[in-house]
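Chains B and A supply the protein sequences, listed in that same order.
For the first sequence, position 314 (counting from the first letter as 1) is numbered 314 according to UniProt numbering, and the numbering increases by one without interruption.
For the second sequence, position 206 (counting from the first letter as 1) is numbered 206 according to UniProt numbering, and the numbering increases by one without interruption.
Be a bit skeptical, because a hint or two may be false.
To be verified - Here are the simulated BS3-like pairs of lysine-lysine, each with C-alpha atoms no more than 27 Å apart in a straight line:
| # | chain 1 | residue 1 | chain 2 | residue 2 |
| --- | --- | --- | --- | --- |
| 1 | A | K217 | B | K127 |
| 2 | A | K224 | B | K127 |
| 3 | A | K191 | A | K311 |
| 4 | B | K332 | A | K438 |
| 5 | B | K331 | A | K415 |
| 6 | A | K383 | A | K139 |
As the list claims (entries may be wrong) - Covered stretches of chain B, going by a simulated chain A footprint (3 or more residues, C-beta under 8 Å):
| # | stretch |
| --- | --- |
| 7 | 170-179 |
| 8 | 184-193 |
Think of the hints as simulated: they come from the structure by calculation, not from any bench.
Heads up, the beta-carbon is just placed ideally off N, CA and C, and yes, glycines get one too.
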Amino acid sequence: MAAAVFQGFGASTALSLSKSFDSKRVKLPFGRSLSERRASFVVVGSDGRVVLDSSRAQKLVTNAVATKGDSAAATSASKPGHELLLFEALQEGLEEEMERDPLVCVMGEDVGHYGGSYKVTKGLATKYGDLRVLDTPIAENSFTGMGIGAAMTGLRPIVEGMNMGFLLLAYNQISNNCGMLHYTSGGQFKIPIVIRGPGGVGRQLGAEHSQRLESYFQSIPGIQMVACSTPYNAKGLMKAAIRSDNPVILFEHVLLYNLKERIPDEEYVLSLEEAEMVRPGEHVTILTYSRMRYHVMQAAKTLVNKGYDPEVIDIRSLKPFDLYTIGNSVKKTHRVLIVEECMRTGGIGASLTAAINENFHDYLDAPIVCLSSQDVPTPYAGTLEEWTVVQPGQIVTAVEQLCK
Amino acid sequence: MSAASLSSAINAIRSASFAHDRSALASNAGHPSSSSVFLGSTAGLRFNPISSSAGRPRSSAAAVAAVAASNVVKEKQPKSSVSGSNLLITKEEGLELYEDMVLGRAFEDMCAQMYYRGKMFGFVHLYNGQEAVSTGFIKLLKQEDSVVSTYRDHVHALSKGVPARQVMSELFGKETGCCRGQGGSMHMFSKEHNLIGGFAFIGEGIPIATGAAFTSKYKREVLKEEGCDHVTVAFFGDGTCNNGQFSECLNMAQLWKLPIIFVVENNLWAIGMSHLRATSDPQIWKKGPAFGMPGVHVDGMDVLKVREVAKEAVGRARRGEGPTLVECETYRFRGHSLADPDELREPAEKAKYAARDPIAALKKYMIESKLASEAELKAIDKKIDEVVEDAVEFADASPQPPRSQLLENVFADPKGFGIGPDGRYRCEDPNFTAGTAKV
Numbered sequence: 001m002a003a004a005v006f007q008g009f010g011a012s013t014a015l016s017l018s019k020s021f022d023s024k025r026v027k028l029p030f031g032r033s034l035s036e037r038r039a040s041f042v043v044v045g046s047d048g049r050v051v052l053d054s055s056r057a058q059k060l061v062t063n064a065v066a067t068k069g070d071s072a073a074a075t076s077a078s079k080p081g082h083e084l085l086l087f088e089a090l091q092e093g094l095e096e097e098m099e100r101d102p103l104v105c106v107m108g109e110d111v112g113h114y115g116g117s118y119k120v121t122k123g124l125a126t127k128y129g130d131l132r133v134l135d136t137p138i139a140e141n142s143f144t145g146m147g148i149g150a151a152m153t154g155l156r157p158i159v160e161g162m163n164m165g166f167l168l169l170a171y172n173q174i175s176n177n178c179g180m181l182h183y184t185s186g187g188q189f190k191i192p193i194v195i196r197g198p199g200g201v202g203r204q205l206g207a208e209h210s211q212r213l214e215s216y217f218q219s220i221p222g223i224q225m226v227a228c229s230t231p232y233n234a235k236g237l238m239k240a241a242i243r244s245d246n247p248v249i250l251f252e253h254v255l256l257y258n259l260k261e262r263i264p265d266e267e268y269v270l271s272l273e274e275a276e277m278v279r280p281g282e283h284v285t286i287l288t289y290s291r292m293r294y295h296v297m298q299a300a301k302t303l304v305n306k307g308y309d310p311e312v313i314d315i316r317s318l319k320p321f322d323l324y325t326i327g328n329s330v331k332k333t334h335r336v337l338i339v340e341e342c343m344r345t346g347g348i349g350a351s352l353t354a355a356i357n358e359n360f361h362d363y364l365d366a367p368i369v370c371l372s373s374q375d376v377p378t379p380y381a382g383t384l385e386e387w388t389v390v391q392p393g394q395i396v397t398a399v400e401q402l403c404k
Numbered sequence: 001m002s003a004a005s006l007s008s009a010i011n012a013i014r015s016a017s018f019a020h021d022r023s024a025l026a027s028n029a030g031h032p033s034s035s036s037v038f039l040g041s042t043a044g045l046r047f048n049p050i051s052s053s054a055g056r057p058r059s060s061a062a063a064v065a066a067v068a069a070s071n072v073v074k075e076k077q078p079k080s081s082v083s084g085s086n087l088l089i090t091k092e093e094g095l096e097l098y099e100d101m102v103l104g105r106a107f108e109d110m111c112a113q114m115y116y117r118g119k120m121f122g123f124v125h126l127y128n129g130q131e132a133v134s135t136g137f138i139k140l141l142k143q144e145d146s147v148v149s150t151y152r153d154h155v156h157a158l159s160k161g162v163p164a165r166q167v168m169s170e171l172f173g174k175e176t177g178c179c180r181g182q183g184g185s186m187h188m189f190s191k192e193h194n195l196i197g198g199f200a201f202i203g204e205g206i207p208i209a210t211g212a213a214f215t216s217k218y219k220r221e222v223l224k225e226e227g228c229d230h231v232t233v234a235f236f237g238d239g240t241c242n243n244g245q246f247s248e249c250l251n252m253a254q255l256w257k258l259p260i261i262f263v264v265e266n267n268l269w270a271i272g273m274s275h276l277r278a279t280s281d282p283q284i285w286k287k288g289p290a291f292g293m294p295g296v297h298v299d300g301m302d303v304l305k306v307r308e309v310a311k312e313a314v315g316r317a318r319r320g321e322g323p324t325l326v327e328c329e330t331y332r333f334r335g336h337s338l339a340d341p342d343e344l345r346e347p348a349e350k351a352k353y354a355a356r357d358p359i360a361a362l363k364k365y366m367i368e369s370k371l372a373s374e375a376e377l378k379a380i381d382k383k384i385d386e387v388v389e390d391a392v393e394f395a396d397a398s399p400q401p402p403r404s405q406l407l408e409n410v411f412a413d414p415k416g417f418g419i420g421p422d423g424r425y426r427c428e429d430p431n432f433t434a435g436t437a438k439v
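All chains should be built: construct the whole structure from the sequences, respecting the hints.
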C-alpha cells in the first residue's frame, strides 16, 4: 500500500506549485485557515515523490487542469468562496456533517491517527475522538459489516475503503446486507451508510490497486452510486450521501484528490441523483464521469478548435442515471458518445447505452458510441496502462466519426 | 479414523469439561491476561465527548486496558438468585423457560408439516433440539437488547418476542409476516423486538451484531446516553467458527470491549461436514481466550446451565466489561434443513442426544424440584398447541402481498430510483406505487 498512499500527492504537488495561492484566503469553517491546510499539505507532498513522477505528473496536470483552467483563472482574493483541493473538500464536507449530527461517524483502515490514506479524514480523530473516527483492523468484510450493523441500529457511518478495491473483500456485506436488508426486513431497518474511498486507475499502481469497481457494484439493488470529480461536487455529494437514508457508494478517483477549485463558503448539498452540465453544446452529447471528465475536456478543446460544439455532461450519479438531463441533451444533439474508465463488459457505459436506447431511441441519429477502458487487468507498465484507459485523442476521433 | 470414533473421542473431551459441574466458566481458568502492553508502544485511545471540541486524551488506563479475562472466573456469581433455596430458578422463571422451549419445538414441528403440505417453500431449517440455547439466552434479555441470528432463526425470533403469527405468516410468504413476506425463513427481522436479522450466509451476521454492539458503546460513550446498557447476542453455528468473520469480529469486539455475547450453537454438524472433520481444534470456546476474552463451554442441552452462563456473560457485557464467547454443545434433532436427507449422522449419535432432550430435562427438573406439577406443564403444552394452530390459521387466512408492495422497500428513500425522462423522480410515478414500473 505504501506506494499507493502517496500516489496522488506527487501529481498534486506539481499541480499546486504550478498555481499561486493567496495566503490571506478566506477562513474555512471550524476556525482553520486554508494556509494552515496548505502548509501541512506541502509537507506531505515534498517527500521526494514529485521528482520521481514529475514528467507524468506534469502530464496529468495538463489533463486535469484543462477544464479547471476557467475557474482557476478566475481565482482572486476578492471573489467569494475559498479555494481548496478535492481531498480537502471531502474532508470539509465530512467535518461539517460530523459537526451537524453526532450520529455521523467514520470507520476504516487508518482513517484516524493516520488521517486516511489520502488524508480525507485528516484531523478528524483529534477533533472527534477515536470512537467517532475509528481505526479498524484490516478486516474489510467485518468492519464493513460492522458499519452496516451500526447503521441498522441508528448511527450514520462512513466506511472508508483504504483503496476501493479492498472492498471486494466486503462484497458480500455490501451486496447482501447494504443492498438487501432494507427490503428483506420489510422496510423495518434503514441502512444510512456511506461507503467511499479512492478508486480508479491511478498511475502505475498495478492491477489490484487500479480497479474499476463501478461495474461490479452497479447491479446491486438498493444502493446508490455517485462519482465525484471536482472539489465542488465532491463536498456536495459527500454531504448528500451522508444525509441520505439509502446506502450510498461514493467513488473518488486517486488522480483527482489534488484538483484545486474555489467553492462557496456557504453550506451546500448536492442532489445524489442529478447529472452536471459541464459544457453546453449542440453537436454531440458526451457523457462521462470521474477522471474521464478531464480527458473529455481536453479533447473538447481540440474539438472546439476543429469547429465542433460538443455538450459535455458529467453523469455523476452512476446509479440511478439522471435520465432527464441526459434525455434533454440527446433530444438536442441526437448523437451520444460515452467516455468512461469503467470496463467495457457490463460497465456503466453499457448500462447507459441500454438506458438511452430504451428511452430515447427515436431521437438518435447515429448509434451510441461507447469508449471504455479495455477489458484487461490494469497493467503496471506506463505505456500499457495508458493504452488501457481512454485517451483524449480517441475521444476526438470518435466525435469526428460520430458527427460525419 | 471413522466419524464415529472421532465423535466418541470428542465426547470424551467434552464430558471432561462438563465435569466442572455448574461452574462451566471454570473451563477457561488460567488463560493468560491480555492487559499487558507491547514494549515501546505509547499508543492510547483518544476519547472525546461530543460536546468538547478539543481533543483531550483520556488516561490510557481508563481507555482500553482489557480486563484480565480470567477475572470473570474469580467473580463467579452465587449459584442461585433465589434466596433461601437451592433451586436455580423460580417457579415463574421455570414456567417461562418451559413455555418458550415448547413453543420453539411445537412451532418447528408445525413448520415441517406445513412445508410438506406445500404451504411454505425454499430452505427451511428447523431448530428442534437446540431450544435450550435460544431460551437460555434470549429470555434473559430486555426488549432493547439485540439478537442476531442465522438461517435457523425462527425460534430466536419467537424467544425474542416476535408473535408466532407473524413468524408463521412470514414463512407462508404473506403480507402479515414480520417482514411483509419479503424475507422468508432465513430473513426474520423485527425492529420492535430488536431482532436484527436472520442471516442466510455463514458468518455475515457476526459483523452486523458487532456493529449493533458498537452502537451501544457509541451511545453510551459518545452520545452520553448513560442509561444505555444494551447488549447484543450473536448466534451462529460450529461451521461458522471456521469463517474469517468469526475471528475478525472476536478481535474487534475484545479490542473495543463491545457489549456482545458470541454464542456458538455447536450442533456438531455443518450440514454434512462433521465439526471434527472441519476444525483443527474442536474446542471452540478456547478461541475466546485466544482473543483475550473469556471462553466458556456449556451443555447446550441444559437450559439451566445455559442460563447460568448467559447471566454472567450478559452481565459482563452490560457492565461494559466486554464480550464473551460461549460454546453451547447441542444437537439438532432433524436434518440440516427440510431438504436434507440426513444420511451421515449415526443413529447411535442421534439417539444419544435425543435422550438428552432439553425440554424433557427441564420438565423433569421442575417436577422433581416441585416447581411445577405435571398438570401445569400439560396446560402449557396445550396452550402452545393452540398458539401454533392459531398462527397457522392466521397465516393461511392472510392475504398474499399485493403488487403495490413490490417496489416499496427497495430504498428507504425512494428517490434512489432516480429521475425519469420527464424530470420527475421516478418514484412519483403512479406505476411505482402500483408496483408495475420497470426498474
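Three-residue Cβ test at 8 Å for the coverage of the stretch 170-179 of chain B by chain A: holds (count 4)
Straight-line alpha-carbon gap A:K224 to B:K127, limit 27 Å: Holds, at about 17 Å.
Proposed proximity, A:K415 with B:K331 (alpha carbon, max 27 Å): OK: B:K331 and A:K415 at ~24 Å, within 27 Å.
Holds or violated: A:K383 to A:K139, with C-alpha atoms at most 27 Å apart: The given pair, whose Cα atoms are some 19 Å apart, holds under the 27 Å limit.
Pairwise hint evaluation, A:K438 against B:K332, where the allowed Cα distance is 27 Å at most: Roughly 26 Å separates the two Cα atoms, so the pair holds.
Pair hint A:K191 and A:K311, alpha-carbon separation not exceeding 27 Å: The given pair, whose Cα atoms are some 24 Å apart, holds under the 27 Å limit.
Coverage of the stretch 184-193 of chain B by chain A (three or more Cβ within 8 Å): holds (count 9)
Satisfaction of hint between B:K127 and A:K217, Cα-Cα up to 27 Å: Roughly 19 Å between the alpha carbons, so the hint for A:K217 and B:K127 holds.
Checked against the numbered hints listed earlier, the structure breaks none of them; every hint is satisfied.
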